[in-house]
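Q: Single-letter residue listing:
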Amino acid sequence: MVDPNGDQPSPVTITPYPDGPYLVRGDFVVTDQEGNELPTERRTIALCRCGKSRMRPFCDGTHKLIGFEAPSGQEPWPGG
Amino acid sequence: MARRLIELPSPCGPLSERLFDALEGAPGASLEAPGAVESADPIADEDLQLALYVAYELHYTGISGVDEGWEWEPSLLGFRAELERPFEAAVADLVQPADEGELASVGAALQAIVAEDVGPPLSRYLETQGTLEQMLEHVVHRSAYQLKEADPHSWAIPRLSPRPKAALLEVQADEYGGGSAERMHAVLFANTMETLGLDPTYGAYLERLPAVTLASVNLMSLFGLHRRRRGACVGHLAGFEMTSSIPNRRYGNALRRLGFGREATHFYDEHVEADSVHENIAAWDLAGGLAAEEPEVAADILFGARALLQVEARWATQLMDCWERGESSLREPAAVPA
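Top to bottom, those sequences are chains E and U.
One point on numbering: in our numbering, the residue at position 46 of the first sequence is 46, and numbering is uninterrupted.
Just so we're on the same page, our numbering is the position in the second sequence counted from 1, plus 1000.
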């Protein structure tokens, strides 16, 4: 994989996309609870946010089939 | 995957005949413009689509025996424009215009357009009951694009301002394997073709592809090669990415059901994961980013997505209709001249 920044660590960002997954960018590592690394091959990954992916924790597009809705920003406090 | 070099296909009508005859000679005024091209159904017009496809291929690949100077030969470009005119008009006839509300949030509008799309259930059919022959035909059709996957949309890169350009590059870098040739999507597709016993050579099946298949790729080239359609090019890519992950899972399942392993399904499995990433970037950062920078092209972004869905639906319908009649969806191989 090409890293144009060389040795410069790039900060990790996690961005919820509207009605979609969390996109993760930067120098991240995904591990299970035991600390075992889950291999990822791309610079930007999508983590499931709807809970219904068939390849969790990664997104497989299923949110579109189930009509998942969530804003990109923080949801307002219920009733608030 | 070797370098690209295609053979000039056999012509299938007066337009392709005139074009291919000229291409065999030196670039110059020998190619006469066809005048206004009359076609009852440009999207399904074999002669028009094949001629247009080859005219566009000059930008993507070498053509055996054809002087590379034809690419920017004014008579060629004039001829091509006469083919584009009826095609572009026919596509516009299929696309409903964007309304004001949609233009306020292009990302949300794209999500709604894709969610409302009820195209023919081609991927579900192949997943659950398609035959091996039908799946192989599907792969052959898709080879027209997939062996140059991402290239048509890359034409848009220099035409975008930094924010949408960065988003397009984030998608395209992944399409091109993130710096690794063997992970490049076009290479993965060639591997799948080889595993399935098909010829992965670029352009090998050109003469077998019906007009609608060529039209689906000509649409991308039209949008990609004309700066004035940069909005449509971006919208087309967004629509493509947003309607990719679920069908690709089904195509992978189809191959698994037919007894194939990871070698064959890797291209499709990769797209489930990759396009679940890309669709969000394409809808919100690329399309939304372009609409924010250049509001005047917002309607064209939605045009590109709707045009994609319409032309893909036309293509999928034709495949399924052929199969329902028990026929091949590919063109008959051209007779070999004696």
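If you're looking for bench data, these hints aren't it; they were derived computationally from the structure.
Treat the numbers as computed from the prediction; the structure is a model and nothing was measured.
We put the CB at the ideal spot given by N, CA and C, even for glycine.
Be careful, since some hints might not be right.
Away from chain E, derived, C-beta distances all over 12 Å, residues of chain U [stated by the list, open to error]: (1) 1025; (2) 1085; (3) 1096; (4) 1107; (5) 1128; (6) 1170; (7) 1194.
Listed next, with one range per pair, are the computed distances between beta-carbon atoms [stated by the list, open to error]: (8) E/11 <-> U/1258: 24 to 32 Å; (9) U/1292 <-> E/41: 36 to 44 Å; (10) U/1024 <-> E/11: 53 to 61 Å.
Q: Hints first: check each against the structure and report whether it holds.
A: Against the structure, the hints come out as follows:
no. : hint                        : result
1   : 1025                        : holds, 43 Å
2   : 1085                        : holds, 36 Å
3   : 1096                        : holds, 21 Å
4   : 1107                        : violated, 7 Å
5   : 1128                        : holds, 16 Å
6   : 1170                        : violated, 6 Å
7   : 1194                        : holds, 21 Å
8   : E/11 <-> U/1258: 24 to 32 Å : violated, 45 Å
9   : U/1292 <-> E/41: 36 to 44 Å : violated, 31 Å
10  : U/1024 <-> E/11: 53 to 61 Å : holds, 57 Å
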